[in-house]
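> Take a look at the letters that make up each chain.
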Amino acid sequence: MEFISNLGITIISGTILGNIYGLMALGLTLIYGIGNIFNFTHGAFFIWGAYLAWFLITQVHLNMFLSILLSVSCLFLFGLIWEKWVLKPKRQDFVSIITIGLGLMMILDSMAHYLFDPTKKALPPLVEGNVDLFFVTRSMNEVVDFLIAMGILFTLWFFFSKTRVGMAIRAVSENNVGASIIGIDVDKIYTLSFAIGISLAGLSGILLAPEVYISTEAGGDALLKAVIIVILGGLGSVKGSMYAAFILGMIESAISMYVGMFWVLPSWFFIMVLILALRPRGLYGTR
Amino acid sequence: MTLRWWKSIWGKATMSLQVETINVFYGQLHIIRDLSLSVAKGELVCIFGSNGHGKSTLLKAVCGLIKSQSGSVIYEGVDITNHRVWEIVKRGIVYIPEDRNLFSGLTVMENLMLGAYLSKARPKAEENLRTIFHLFPRLEERKKQIVSTLSGGELRMLAVGRGLMTGADCLLIDEPSIGLSPLLKTEMYNVIKRISEKGQCTIILVEQDVKEAQWLADRIYLLKHGEFVFEGRKDALDEETIKKAFL
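Chain order of the listed sequences is A and B. Under this note's numbering, the first residue of the first sequence carries the number 1, and numbering increases by one thereafter. Under this note's numbering, the first residue of the second sequence carries the number 288, and numbering increases by one thereafter.
Treat the hints with care, since some could be wrong.
[To be verified] In silico SDA-like cross-links for lysine to any residue, where the CA-CA straight-line distance does not exceed 20 angstroms: (1) Lys90/A to Lys354/B; (2) Lys88/A to Ile353/B; (3) Lys472/B to Lys431/B; (4) Lys431/B to Ile37/A; (5) Lys188/A to Ile37/A.
Keep in mind that the hints were calculated from the coordinates and are not lab data. These numbers come from a predicted model, not from an experiment.
Could you put together the complete structure from these sequences and hints?
Following this line, the structure appears as structure tokens:
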């Protein structure tokens, strides 16, 4: 019975983690797919999303969901401004983009350290209480996290497959010359995609924050995990990132349950190397 | 004010597209040299020349993909020389490249509907789609297929079809027949002629093979080393002139 219960916990936790990691990786995939650059600030925005939500909830005493909305909106706005005024003039210069990204990452980490002090913070759960799911008891917060993540992922699927702007983003990520010659303003698409990407990073930070402590060190781990997911899934492949996030979420849950948290990242690396040895472009990569 | 002056003013007033003494460089390489071109509304102009003499570069300079170092491009009375590519598409000029630049991970239908991205193209999207499927029935058969699975001829049809979906008044078509079988080549040229005969589209067609495509043209230009060596009606073009242009 204990085995079934543990297995149930592993599967449910793994599914929830997979969804949230999927959001995080989707943001990185989107930015990479459009601009062919890794966003080194992804981890920094992951923690900034959590810190902003923590600040608005615990210091300003705003409503939980309003705080989340405001935090994500702030990151979205920052992304629009940053991409348009700082990154856009340097878009053709690969080295400058990397340097700017690393610089911003350091600034954001330092600012978080200074503004929110180094002590670990806990974000209160979105919803209190427990719920029984298939012989397993889980917190309501985890269930709500899962539903929010699923809702966002469905919304993004609809956006990218059924809306004009979403299709334009897909077009630009496929072929930016082809997109411009049919009238798509490629500059605006780059800016919008960057803003969406870092907002997804921030949102995943908020959703994970009640389960883990918020700290400035968490950004590095988050970036590393996002990079592993994107590489395993295949560079620029949304479908690949989602599958990879799910697989690695399950692995994290199982390793945490049966071995220990310390072995999560090494196990992720091992799986990534194993799969890349068999499929060098990742699960669904084309590049 | 001489008669010649009045003629030039009248010419400018009736011309849809005017390219005036543009110069284009690739690094130090001078590709297009003081080149001028004018196309009237509804005209089908063919530009012929060998590989590497600047045909594609000329079209790319007109549509904004490449910036000219000097000169100007005027369309419907508006100087579009320094406009961005998508701004030029909004003005009504669309470039259909030799290398197609399609979205290979999307379906035929998605590629076509993306052609109607601009707000001015959307009201006519359904009508344009019917026209394209009428011109290229094969595209309708393959509308749910991913573009990467299409043949070379079908990709060419899709590139032209996507260009038509923009609702552009001026099409810049770059070597649409390259790599096609003789049968498909004829089919493609017939489609282009039908589009031109509707009278709504100005077309600049760039090709290598004069003999195969000159029948299409209202007027012909021959391009050699970035300069025009002939400009005139197709019946004024003789074998000697063609030989000199291609040797």
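> Could you run down the list of hints and mark each one as holding or not?
Status of the hints after comparison with the structure:
no. : hint                 : in the structure
1   : Lys90/A to Lys354/B  : holds (19 angstroms)
2   : Lys88/A to Ile353/B  : holds (19 angstroms)
3   : Lys472/B to Lys431/B : violated (25 angstroms)
4   : Lys431/B to Ile37/A  : violated (31 angstroms)
5   : Lys188/A to Ile37/A  : holds (17 angstroms)
Of the hints listed earlier, those the structure fails to meet are numbers 3, 4, in rising order.
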